[in-house]
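Sequence lines, in order, name chains A and B. Take the first sequence: its position 132, counted from the start at 1, is 1622 in our numbering, and no numbers get skipped. Take the second sequence: its position 15, counted from the start at 1, is 1505 in our numbering, and no numbers get skipped.
Please note that a few of the clues may not be correct.
Since the list gives no way to pick one copy over another, a pair counts as held whenever it fits inside one copy or between any two copies.
To be verified - Listed below are the simulated SDA-like cross-link pairs for lysine to any residue, each with C-alpha atoms no more than 20 angstroms apart in a straight line:
hint : residue 1 : residue 2
1    : 1782      : 1704
2    : 1507      : 1610
3    : 1588      : 1622
4    : 1508      : 1592
5    : 1603      : 1514
6    : 1507      : 1594
7    : 1508      : 1813
Think of the hints as simulated: they come from the structure by calculation, not from any bench. Only a predicted model underlies this, so the values are computations on that prediction, with no experimental measurement involved.
Listed below are the residues making up each chain.
Number of protein chains: 2
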Amino acid sequence: LSTLASIGEWAIIEHLKKELSSHHSQVLCAIGDDASVSKQSGAYSLVTTDLLQEGVHFERSWAPWDHVGYKALQVNFSDIAAMGGRPCYYWLSLSLPKTFLMDDLQGLITGLKRAAHEENVICLGGDTNRSPQGAIINVVVQGLAGKRVLYRHGAQVGDDLYVTGSLGEAALGLKILQANRVGLLPTKKGKNYCLRQTKPRARAMLGQRLADNDCVHAMIDVSDGLASDLDHLLKASQLGAKIYLDALKYKKSFGELCKQYQVLPMDLMICGGEDYELLFAASPGEDTFLAKLSRDTKVPITKIGRLIQERHCHFIDGSGKSISFSKKGYEHFH
Amino acid sequence: LSTLASIGEWAIIEHLKKELSSHHSQVLCAIGDDASVSKQSGAYSLVTTDLLQEGVHFERSWAPWDHVGYKALQVNFSDIAAMGGRPCYYWLSLSLPKTFLMDDLQGLITGLKRAAHEENVICLGGDTNRSPQGAIINVVVQGLAGKRVLYRHGAQVGDDLYVTGSLGEAALGLKILQANRVGLLPTKKGKNYCLRQTKPRARAMLGQRLADNDCVHAMIDVSDGLASDLDHLLKASQLGAKIYLDALKYKKSFGELCKQYQVLPMDLMICGGEDYELLFAASPGEDTFLAKLSRDTKVPITKIGRLIQERHCHFIDGSGKSISFSKKGYEHFH
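In isolation and in its complexed conformation, chain A is listed as follows (with noise of 0.2 angstroms):
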């Protein structure tokens, strides 16, 4: 008999997406992209909803309960940034111990509440439970899109390949946090990479930016890590990519963080999770109006690499070299 694991988690929602799909005329995309996207009246509906677990996705022992409400809510603000959509409403379901302190729960609350106040977002009910062992939080956010929804299909050969952000440095954060529960303290440098894991926040505004403007092909939040979701974005618009090395660079303060936790730094910048940055493809040409936007919303954007024809990525590094990365984003059953 099969188990989750031996099947595994991209097969599984595979599986999900075949068994649980259908077609209807109001609904443009349902299983498959980082948001649900439905016309309702005229508008685009995006809804996307996120399950985040003690002991799974986070432990108590890493940070204060304010920072797993902000990123409860920051994670599906990705998904939806990623659309190109304004995050408008929220559902929250929580199931928590007995034993769970009211002070712990106002934590809660209180970066909820701070992550949906900097978006304007208001929550509109959920559910509330015990658990039998450690805190689950499920959020569920509905945005809405103008004129454009930006899928993970659409990219096109030639298209220049950007990302935002810096890539890793939430895997960094994890690293440190791991290494921290058996009595290594983070230094100071450590505990900013310690918050881009622990308290990370989403490329809101700018997703819906980039939605405005017709350069942009496709759009992908890098939540598994730039391997898988590239390749998601890939595979979606049935086209290949060459990534430079190169252009991917690194804080000096990263490099030897990655050096003293016995971490090559491309490891963590290719197949680290939870940047929660933004992947897109645009015509080749639009660096002056990239540079704008990025100035305009104090928000790097790094021209990584340009879509082929030919069905395969390509990482290339300085010397024109091809690498492979092994680990492709982090796999939920393994």
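With chain A's structure known, arrange chain B on it following the hints.
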């Protein structure tokens, strides 16, 4: 330091409501009814969410996994029905142990598909995770309402109170299942009551038909037990009620099994949860209309009491004596 157990579920929900509610011109109802209500380009969007956890809401020894999948959708359909809406879309967050069998996942899918197909509801997406312990299924359903939405508030003095179907049967089923775990096999008769617990069907069509008629003023679904849900409706409507216990009939087999499992029928009917029936207030003199609706939909509709000004709920027995019930529905954190 106070814990959730010391505060209690209802106080926690009130606290969350106070902390997380905010006003918005497009939002007609956020936290505090069976579903949220927002205006979206003219239509009313109703959204509800329910989280089911193995070991809290169900045990895997009780029923095949298709019952769990079926129930996960039906409990949400019941909330949409209680607002007078039609369920349209759903999103699914699954968290399952690594050792979960693919055959059991297929069972879950079968149950979800059956429930979705019955109400013409389609799956728009979700999230898949590994659970460190038991299975967790969070479902969000979006429904749409036509010209009228029914709330818990809105009942008027002199309105008659009605309940659909039969009460206490799911609670009797739970008793039987719990006894079964310690070796007492349910009889064939008992199995029908177990099905009310493991595979309930919401009053989806009836809820919409009731909302179509102006004589119905307020509605709620009976999920926590009559005493508890009636209390919600009365508080929201700022009224009290007289309930005539004589009106609450039960089947002969229900009485016999209550005796066998050493519970009082009235306790289950008044305080037992998970019946997913509808409780509503309608103008007096609508018996003919409601009798016809009952015949059309093949669902019994029983008049059980009357709304009064005095803000208290009187349960009155055949001799005119007021009875009190100690247990006010299911309380999660005790």
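Q.
Tell me the numbers of any earlier hints that the structure contravenes, in ascending order.
A. 7
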